[in-house]
Amino acid sequence: MTMTVHVDIVSAESEIFSGTAKMVHASGEMGDLGILPRHAPLLTKLKPGEVRVERTDGEEDFYYISGGMLEVQPHCITVLADTAIRAKDLDEAAAKQAKERAEQALRDQKGEIDLAQAERELVQALAQLQAIQKLRKKTGR
Amino acid sequence: MAVGKEIRTKIKSIQNTQKITRAMEMVAASKMRKAQQRMQASRPYAKKIRSVIGHLSQAHPEYRHPYLQEKESIKRVGLIVVSSDRGLCGGLNTNLFKATVKSIRAWRDEGVEVDLCLIGQKGIGFLKRLGNVRAQVGHLGDAPSINDLIGSVKVMLDAFDSGELDRIDVVYNEFVNTMTQKPSVDQLLPIQADEVDEELKHHWDYLYEPEAKDVLTDLLVRYVESQVYQGVVENIACEQAARMVAMKAASDNAGDLIGDLQLVYNKARQAAITQEISEIVGGAAAVS
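Protein chains in written order, with numbering that gives the first Met the number 0: chain A, 0 to 140; chain B, 0 to 287.
Next comes chain A alone, as it looks inside the complex (with noise of 0.2 Å):
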């Protein structure tokens, strides 16, 4: 009998792949990868490109990956495949949106109170048009 691994391949938003290999290739930052059952435990990061499970039955799996980690036990391995496409600046720039909308809303406060105010004269108005037409009902019997 061969040798086999189990193997997990997973992103944040779903399971990818989920059962035993004889042989997973993987591209990480450092080079190629050929993990075979038994190796020693690894941990490292997976530039973007494929990876490839050989499975039990001989048939071959790829799978595209956007980056990710890969960590290595004895007897599994675990992909976690990023979802998004990660480069510094881009999550640099994200960063900066999320504050920027928070202080944004810091400084229409004042705006978006004016518009609670309005909100409420607007309430307060309809109250007063129903309150009519109750009226306008009554006498027009």
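Keep in mind the hints are simulated off the structure, nothing from the lab. It should be emphasised that the depicted structure is a prediction, and the values quoted were computed from it without experimental measurement. C-beta atoms are modelled at their ideal positions from N, C-alpha and C, and glycine is treated no differently. Check each hint, because a few of them may be wrong.
Derived DSBU-like pairs: lysine-lysine, alpha-carbon spacing no greater than 35 Å straight-line [as the list claims (entries may be wrong)]:
| hint | chain 1 | residue 1 | chain 2 | residue 2 |
| --- | --- | --- | --- | --- |
| 1 | B | Lys-18 | B | Lys-247 |
| 2 | B | Lys-97 | A | Lys-98 |
| 3 | B | Lys-46 | A | Lys-44 |
Examples of chain A residues toward chain B, derived with CB under 10 Å [to be verified]:
| hint | residue |
| --- | --- |
| 4 | Ala-11 |
| 5 | Ser-17 |
| 6 | Thr-43 |
| 7 | Lys-44 |
| 8 | Gly-67 |
| 9 | Glu-70 |
| 10 | Asp-90 |
| 11 | Glu-91 |
| 12 | Ala-94 |
| 13 | Gln-96 |
| 14 | Lys-98 |
| 15 | Ala-104 |
The hints should help you fit chain B onto chain A, whose structure is shown.
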């Protein structure tokens, strides 16, 4: 014959409202199913990454990451509050805000400052006056992607890295079942290690490529993001479930109201007919 025109209009208007609430109930039911699937789909990642971190904390690495170390004194806490974008979902957001305010108050009583990171429009509207808001994101829709969250989470992580924050909690609604959603406050950073697995408790370490520090930072950032994402997805499932229940109650109430009004209307109509007949009979008697 203009008997009970007001009542008829009223019944009509309630019927229209009932149609809307019923439609919303059905939409929420189908969305809830999808949201639950999404919630389940994101669990394996969270579980796997947790187990990797569990292995890490047992591996005695030469490098200790700040995310894994408890701080001695806590001066400032970051709260990531996950709320829904829309209302009409019963007491879901109210309960969540109550839990948030309670937590903020508890920290302030201890003399600890609280910074907020708000996810979801409802939270942005309600909580922005309660503390210093560091980041916010709204309009995530029914199927949020982790992409939308990276920015906000990074703001909080940067603050933690620079030592401005000493602890980060996440507040979200936990999906217990369709009828029950529980607001829960979980500690995100520093990461609390799980109990040590006896089997693996010998001295070993990973091989790191490229370096332990880089790999660990990446892994832990992803862990935090996945936890927040999990919170967001769970909150959406809660929102739909709560809306479904609230709309069902609204439809039932509308039905009761219609029944009552129908009874009043029938009585009024009956009375009018009786009166008319008696008038005719009375008139005929007077003529003959």
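Outcome of the hint check:
no., hint, verdict
1, B:Lys-18 - B:Lys-247, "holds (11 Å)"
2, B:Lys-97 - A:Lys-98, "holds (25 Å)"
3, B:Lys-46 - A:Lys-44, "holds (19 Å)"
4, Ala-11, "holds (5 Å)"
5, Ser-17, "holds (8 Å)"
6, Thr-43, "holds (4 Å)"
7, Lys-44, "holds (6 Å)"
8, Gly-67, "holds (8 Å)"
9, Glu-70, "holds (5 Å)"
10, Asp-90, "holds (6 Å)"
11, Glu-91, "holds (8 Å)"
12, Ala-94, "holds (4 Å)"
13, Gln-96, "holds (5 Å)"
14, Lys-98, "holds (5 Å)"
15, Ala-104, "holds (6 Å)"
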